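Peer 1: What follows is each chain in one-letter form.
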Amino acid sequence: MGTVNIENVRKVYDGDPEVVAVEDVSFDIADGEFLTIVGPSGSGKSTLLRMIAGLEDISDGTIRIGDRVVNGVQPQDRDVAMVFQNYALYPHMTARKNMSYGLELTTDLSDEEIQQRVEEAAEMMGVTEQLDKRPGNLSGGQQQRIATGRAIVREPSVFLFDEPLSNLDAKLRLHMRTELQQLQDKLGTTTVYVTHDQEEAMTMSDRIAVVNAGELQQIGTPEEIYDEPRNLFVGDFVGSPPMNQFDVRLDGSTLVGNGFTYEVSDSTQERLDQYAQGVDEFVLGIRPENITIADDGAPNTIRAHLDVREPIGSDNYLHMDIDGQECWVRVPGEVKPETNQELSLAFDEDHLHLFRQSDGINILAGEGPSAEIPPAE
Amino acid sequence: MGTVNIENVRKVYDGDPEVVAVEDVSFDIADGEFLTIVGPSGSGKSTLLRMIAGLEDISDGTIRIGDRVVNGVQPQDRDVAMVFQNYALYPHMTARKNMSYGLELTTDLSDEEIQQRVEEAAEMMGVTEQLDKRPGNLSGGQQQRIATGRAIVREPSVFLFDEPLSNLDAKLRLHMRTELQQLQDKLGTTTVYVTHDQEEAMTMSDRIAVVNAGELQQIGTPEEIYDEPRNLFVGDFVGSPPMNQFDVRLDGSTLVGNGFTYEVSDSTQERLDQYAQGVDEFVLGIRPENITIADDGAPNTIRAHLDVREPIGSDNYLHMDIDGQECWVRVPGEVKPETNQELSLAFDEDHLHLFRQSDGINILAGEGPSAEIPPAE
Amino acid sequence: MGLRKETIEGILWSLPYLAVFTVFLVWPAVKGLYMSLHTYPNKFDLTETEWVGIQNYVELFQDPVFYNAMEGTLLFVAVSVPALVILGLVMALGVNRDVAGKRTLRAIYFSPYVLTVAVVALVWGQVYSQSYGLINYYLGFVIENPPGWLTSPDLVMGSLAFMTVWWLVGFNFVIFLAARQSIPERLYEAARLDGATGWRAFRDITLPQMRNSVVFVVMVQFILQFQVFAQPYIMTQGGPSNSSDTLVYYLYRSAFSQQQFGYGAAMGYVLVAILILIAVINFKVIGDSNV
Amino acid sequence: MSESTQSQSLRAYLSGDAVRSALLHVFLYGLALLMAVPYLYTISRSFQPNELLRDPRPYWIPPLVGEPITFEHYQYLLNNTLVVEWTINTFIIAGGATILIVAIDSMIAFSLTRLDWPGQGVIMGIILASFMVPYYMNIVPLYQIVSNLGLINSYWGVIMPAAASPLGVFLLYQFFRDIPEEYEEAARLDGFSTFQVYTRIILPLAKPILSALALFMFVYNWNAFLWPLLVLSNETAYTLPIGLVNLYQGNIDTPGLHMAVAILGSLPLFIIYLLFQGQIVRAVQMQGATG
Amino acid sequence: GGTGGDGGDGGSTGDAGSESYEITFWELFSGGEGPIMESIVNKFNEEQPLDTSAEVTINRQRTPWNEYYNKLFTALSGDQAPDMAVMHAAYLRAWGGGVDSIGQYVDTGTFQDDYTESHWNLVTVEDNVNALPMDLHPIGVYYNKDLFEEAGLDPESPPTNWSEFEEAGNAVAQNTDAAAFTQSPYNDGFGSFRTWSTWVKQQGGSLYDEEWNPTFDSEAGMNIAQLFSDMTGDMGWAPATSEDTWGNNAFQNGSCAMAMNGTWYVAALSGVDDLNWGFFEPTVGPNKQQDKVWADGHSIVLPKKEGRSDKKSELAARAAHWMTTENPSWGAEAGHLPAANSIYESDAFQNSPYYDKTLNKYVGMAEDGDYFYHPKVPNGDPNAQNWYTWLVDIWAHNAEPQAGVQSGIETVSSGISE
Ligand SMILES: Nc1ncnc2c1ncn2[C@@H]1O[C@H](COP(=O)(O)OP(=O)(O)OP(=O)(O)O)[C@@H](O)[C@H]1O
Ligand SMILES: Nc1ncnc2c1ncn2[C@@H]1O[C@H](COP(=O)(O)OP(=O)(O)OP(=O)(O)O)[C@@H](O)[C@H]1O
Ligand SMILES: [Mg+2]
Ligand SMILES: [Mg+2]
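Chains as they are written, first to last, in the working numbering: chain B, 1 to 377; chain L, 1 to 377; chain A, 1 to 291; chain F, 1 to 291; chain P, 1 to 418.
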C-alpha cells in the first residue's frame, strides 16, 4: 500500500546543528496520489524527500510507508525508488545494467525475469534502443528516462523524484513533464515529487505541499494553492508573473494604498471585520491576469503608468508603475496599448487577497486564518 | 555606428568539413536594435554570433560592423563585447578586475577613468557591493550581472550575448530578462542575442531571426514570427504549448482531416487558389489559445476527447485527442471541463495556418510564399 | 592566414621545452641506442667505436647474471606494486570516511615521500639491523633469534619492498584520495536505494569509478619499481647471495664498474621494451575491462 | 512489527556503527603510528651519544630512564661542515630547476592544448614514451653532451637535464586541456595577446596544479644525488644530499651523526611539504581521476 | 690574473709573463683522512713549493668514495677529467687507458729513489709508471685487551701464529660472552677478501692465473673459505650474519675480541673512549707457508685529458711528487705507510700517536717484504663490493663454501672479461 504518513517530522543536520532543515512537518499522502513538494532553494524539500527515502536520519517524528514505521529502516528495505536531480546513473554501467542492478541485489528474480522487467520499463520510457549504451553517450532526456526506468523496474510502492527535470532545457522539460504525468496515470504509483518550479508543481500534481524555511506553508490541490493561498509566501511563490502586492490600510470600507484607494463590498467588509480582529494594515494581493484595463474614469479603478509591453505569444505582459510601485498586468495578445501612457486598471473583488502585514496570513482565504498555518517569513 | 550587416555568410568548421554550420545567411541589424537569434540546438546560432565576434573565421561571405568589413579583423578590434553562457569570468580576479581588465589592456584610459566606468556599470547592474568579490563567491545571478557589466564598460557598438540566462533558474531567468531589456532601453546599444528559448526571444526582441540547420528560416518582429510564421518549422518552434498540427487535404472549400472537416470562407479559398498552385496536401496549424470550446453541435466544429486537464495558474491546458491525433487547447482558468468527455472545438479562420506538405511553406502568411524563404526541414 | 600564425606560435611556445627535451633526454637516449650496437675498444675514449650489431643483446640473453637480476626485479615488483596500490587504496578509502584528524593522517601518510632514498636507507638500516635493529629488539621478546631482514636471501627482497612501500605509498594515497573524493556522493545514495552497501558498493561503484586513477597508479608504479636500483645498491649491494640484484643495478654496474657501456645500454633498451609491453598489457587488462 | 523492535534494531545498528568507526580509527591511527615509528626512532637516535647507539636497546626520546641527551651531532654538522652552504646550493639548484620546469612545461602544455598546430599528437606521444627510458642508461651520453656544452661544474649542468623531465608536461597537459575555452575567448575579446592569455589567464587558473608540480619537482631535485655529483666537482658547490653522504661515508662509525644528517637533510623538505600539502591535494583533486 | 681552468690550453694567462696554473685534483678521502689531505693541499697553495716562476694552485675536489670511480669514468668519457686524481693502485691496470704515464712529462728516474721499493712497485704496471705512490695501507688484527684478559689470555702478548690465534679465539668464545673475531668489521665483501686473500697467500695459494682467471678454488682458497664457514659455525667465533655493521659495533662496544682491518682503523678506534685495544700482525693464518699480508695503496694519477698542455701536466706530476714525498702527516696522522723514504726518518712520523701501536708493526712487515698487492686486474672494478660478497655469503652461511667460491669465480671472471 503506497500511503506515506509524515508525523511531526523534524531534521537537524549533524554537520550544521544551527539550522533546522525541516521543522515539525506533518502530512499524509494517499495511495496513488501525486504529491509535489515545492519551495525555494534551501527550504528543506530535498531533506524531506531524503528522509522518506531513508538517505537521511529522522531527527524527530515518525514516517510511515504503508503501515510500517520506517525510521531506521535501510533505504533498500523501504520499498521506494528515487530519481535524482542529476539522475545519479552509474556512469560505468550500461543503461540496462543501471536498471537491473537494484533488482539483482535485492530480489531473487531470475535473470530472465529481470531482463523482461527492464525491457518493459525501457519500452514504457521509449529507450529500448539506448539500453546498451553508457549514460555518458546519452542525451539529457534519455538519461532522465533511464533514471526513471530504473525506478520503475523496482515496482516500488512509492516513487520519489528530486527535481528530476531541472537539468533539461525548457522544451524538453515541458515534454518530460507530460511523459511523467502519463506514466503516473498508467502505473498509479504513489509519487512524491520535489521541485522548486511552481509551474511544474501546478501542472503535475494532485496536491501540492508548499514549504519554506523548513516549515509547511500550505498543502492542497493546485487550485486551492493558486486561488486561496493561506499566506503571503504562498501567494507570492505561486504564479508567474508573481502576484502584485501593495501595502494598504483599511479605513472603513476603503483600502487606502499608495496612490490609490479601493472600496470593498459589504460582504467582504463583514469578513474583514470577522477575521481582521482590529488589525488594519494589510498587503493587498492581486494576480496579473485578474487585472483588466478599464475605461478612463470608471469607478473603483487605479491609475497607472505603462512602462514596458512584453508580448509572450498569446498574451501581453504590461509592466506598469503605480506611484512608484511596480505592477504586472497580463492581457490577451490582442490588447496592445501604447507604452508610456496612463491607464486605468480595474479588478474584481473576488480575486482580491488580503494578507495581514503582521504575519502574512490571508484573512480572506478558505475558512479564514487558522492557528495551524504558520505565518509567512 | 552599431549596424551589423551579414551578407551570404557561410561557415564550415575545419574540424568537421561535412557539416555546414551556417549556410548562406544574410540579414541586417539596425543601429540600436535588439535582435535575437533563436533556433534548436546545433542550428548554428553560436557559430553566427561567434563569427560576428571574430572568434571564428568566416568561410564565405562578408560581415560588416558599422561601415567596416570585419572579416579577418581581430576580436578586440571589432568594437564588440560578448557575454558568454557560463559568463567566462576570470575566476582568479575580483569582479572589479574582471570588468576593468579589458579596458586596461586595450585603451589608454587613466586608472581613474577606468574605475569610474566600472563603478557606473556596476551601479547600473546593481552589483556595487559585489565588486571586490571573486566570481566563485557570487551567486549565478550576480555572476551574470558582472559578466554583463564587463561588456558594458567596454562601451562597444555591439553587444553579443550567447544564451546568457540559460544557467539561471526559472525565476531568476525571468527577472534577468527584464533587467537586460531595461538595460538595452537605457543604453540603446545594438544587441545580438542568442537563445534557444523561444519565450525569451519573443519577450525581449525588436526582431527575431529564426535559424534551423544553419539556414535562416524567418526574420521579423515577434508578432510577425508568432502570427505569420513563414513555414512549418517556425510555426512549430515558436509558442508553448506548440501549435497543433493536422494533416489535411483541400477538397473544394473544405479541409478534410483525419476525423474532422473544416469549411473555409470564400476569401480564404481565393487566397488558397492563388498560392496553392494545384497543391492540395497541407498541414493545418492552429495555436492552442486560438481554439475555443463551442457548444455541442455548433457548425464548423471538431469533436475531441479531453484526456488531461493541466491547470497552470491563470489558465488551463487541455490535452485532447482528435481521432488519435493529439491536440492542445488553452482556456482561461475559469473554464474547467471534466476530463474524459467529448467536447466540440471551434477556431476562427483568421488564426488558421496552412503549410504545404511538400515544403512546409505557409501559404497564408504575409505576402504568401516567396522564393527567398527556405522550406522547413 | 590564421592557421599559419597559430602554427608558428604553437611551435614557438613549445620550443623551449622541446629544445631541452631533445638535447637532454632524446639525444642521450638515441646515443644510448647507438652505443648498444657498439663496443668500445678504449673504454675511456668513447669516440673509438666498433660496430657489433646486436651482439650485446645476444650476450645479454645468455648472461646468467641478467636472468638473476631479472628474477630479483620481478620479485621486487611482484611484492611492491600490489602492496603500494592496495595499501594506498585502503588508506585513501579509510581517510575518506568520517574520521577525526584527516589532515594529520594525510600529513603522516604522505610525509615519507619527501625523503631522499639515502635517508630512507639510513633510517631503515637501523630499523632492519639484525642484532641492533629496532624490529628485532622487540621481536626478540617474542621469538628467539629473529631473522636478518636484509641478510637472509629469502627475506631481503621482501624487506626492501616493504621499505619502499613505506617510502612511496603516500603518493598513491594522495592520488587515490583525490579520486575517491571526486566520486559524486549521489552514486552511493542511488546504490543504497538499490541495496548496494559495503563491499558491493566498493566493488560496483568505488572501484569502477576510480579505474582511471588505478590504471595511472599501477602504470606509474610499474615503471618506477621496475627501475628499482638505489635500495639494493645502498643497502645490500645485491646480496646476500645475489638475491637482491636488480636489472637497473646490473645496468649501472655494467656501465660504470665494468665500463661496458654498450652492454648497459642494451640492457636499458630491453627494459624499455618490457615497460612498453607492460604498459600495453596494463591498458588492455585494466584499461578497458568492462566495455 | 512493533516499535520497540524497531528501536532495538536501530540501537544495534547505531552501536554497530560506533564499533566500526572505532575500529576504523584504530586502524588508521595505528597505521600512522607505524609509519611514523622510523622517524621517531631516527629523531630520537640523533640526540643520543654514540655510546648509547651501539646498544641494541632503542632509547626513545623523551628519555624514559634519564638517558643522556646530546646535541653534539647537530653541533658538529653546523660547526664543522658546509651544511649551510650546501643547503643554499640545494635551494638554488632545486629552486632554479623548479622555476625553469614550471616555465617551459607550462609553455609547451599551453601550446599543445590551447593552440592548434599540426604534429601536436606526435610530440605528446614522444614525450609520454620518454617516461620509460631508464635514467641510468642516459647518464654517460648525457654527460658527454653536457660536457660538450661546457656546463660541467655549473648549476646549469644540473638544472637543464632536470628540466627535460616529461612529468610536468604530462600533468599540465591534462590540466590545461580541461580549462574551458570561454576564458580564452573572453580574453581575446578583451584584447589579450597569446602571451597575455598565457600569463594572465592560464597560469593563474592553473595555480594549484602549478604549485603541486613545483612541489614535486622541488622535492625531486632536492633529493637528486648521482647527477649533481657527476656535474658538480666543488665541495662548496655540493648539494645537501651529496655533502651529507660525503660526510657519513667515512670509515669512522658515527651513527648519531648519520641520524642527525638524515634529519637535517630532510627537514627543509618537510617544512615545505607541510606548508604546501593543501595545495598538492587540491591540485590532484582538480585533476580528477588523473587519467 | 685569471686561473687556467679546465680545458684551457696550458691554463696560462698572458698577464705580463707571470703564468698561473690551477691544477684540479680529485680525491675520495673522508672520515679522518679528509682533513689531512685538505691541509696538505692548503700547504701547497701557500708555500708554492715547486721550483717554477709560475703560480700553481691545486683545486681540490672531494667525491664520496662510493661514486668516486663512476664519476671519474664519466668525466673521462666526457673529457672533463681532473689534472690529478687519487687512485687505488689496484685500478692502475684496468684504468691504464684512462691515465697518462708519468714518464711522459717527467723523468721518472729522478723520482724513483725517493720512494720505497715496495711503493714504487705498487704503481708500476708492466714497466710503466702510471702513478706516483702516496701510501700503502695493509691490514692487521686489532684486538681488545680487556676481553683477552677476561678470557684468561695475556693481553700484552697477542698471537703470532695460527695455534696461538686459534687458542685465543677459542678462549674468548668459551670464556666470555663476546665473539672472538670478525673477518671485517664492516662485514663487507671487500673487507672479507682482504682477510681471506691474506690467509690464502700465507698458505701459498694464488688468486689469479696468468690469464687473469680467478683461481679462488685453489686448495688454499677452499681451505680458508671453509675456515670462514667454521668460524661462524662449529668454532663459534662469531654469529653467522651478513649484517653490515655487526662487527664494527661489536668491536667498538667490547663484544668482539679481534677484528681484521686496514691501517685506517686506528683513527676510528682512537675516537672510542673506553676501548682498550692492541694490534698484532695478521700472519697467523693456518698452515702458513710464508708471511703474506694484503696491501693496497693510494696513488696519484694524471687522468687523460685532451688539451692539457705538457707544461701543466709536468707541473701536476711535480705537484704529485711533492705531495707524496714532503708530507709526513699523511702517514703520521692518517695511519698509513708513507711512500717516501725520507718520511720514515722524520720526527713527525716517528712521533705519530699510532707509531708504537700500529705503525711500527706495519713498517716492520714492510721491511720484511710481507706485503702482496691487491690484484691489479686488467678490467672491471677490483674494489667492487659485489665481486666479493660470496665471501660474506660463506661467512654468514648463506652459501656452502664450495658453491660460494664457484659463484665468486663466476662473478669475478665475468667482471674481468671484455
Ligand atoms: N548535508 C547537509 N549538512 C548540513 N546542512 C544541510 C545538508 N543538506 C542540506 N542542509 C541544509 O538544510 C537546509 C535544507 O536543505 P535542502 O537541501 O533540503 O533544501 P532544498 O529545498 O532541497 O533546496 P534546493 O532547491 O536548493 O535543492 C538548507 O539550509 C541546507 O543548507
Ligand atoms: N568547433 C567546432 N568544430 C566542428 N563543428 C562544430 C564546432 N562548433 C560547432 N560545430 C558544429 O556546427 C553546428 C552548429 O553549432 P552551433 O554551436 O553554432 O549551434 P548552436 O545553435 O549554438 O547550438 P546550441 O544551442 O547547442 O548552443 C553543429 O552541427 C555543431 O556540431
Ligand atoms: Mg534539493
Ligand atoms: Mg550555442
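Just so you know, these hints were derived from the structure itself, not from any lab. On a predicted model such as this, the values are computed, not experimentally measured, just so you know. Positions of the beta carbon are idealized from the N, C-alpha and C atoms, including for glycine. A few of these clues could be false.
Quick partial rundown of chain L residues pointing at chain F, CB under 7 Å, derived from the structure [to be verified]:
no.	residue
1	72
2	76
3	82
4	84
5	92
6	106
7	109
Straight-line Cα separation of at most 25 Å, PhoX-like style, residue types lysine-lysine; simulated pairs [what the hints assert, rightly or not]:
no.	chain 1	residue 1	chain 2	residue 2
8	A	284	B	97
9	P	145	P	357
10	L	97	F	207
11	B	133	B	97
12	P	361	P	145
13	P	288	P	361
14	P	304	A	31
15	L	97	L	133
16	P	43	P	311
17	B	336	L	186
18	L	133	F	207
19	A	284	F	207
20	B	186	L	336
21	A	284	B	133
Peer 1: If you test the structure against every hint from before, which numbers come out violated?
Peer 2: 1, 7, 19
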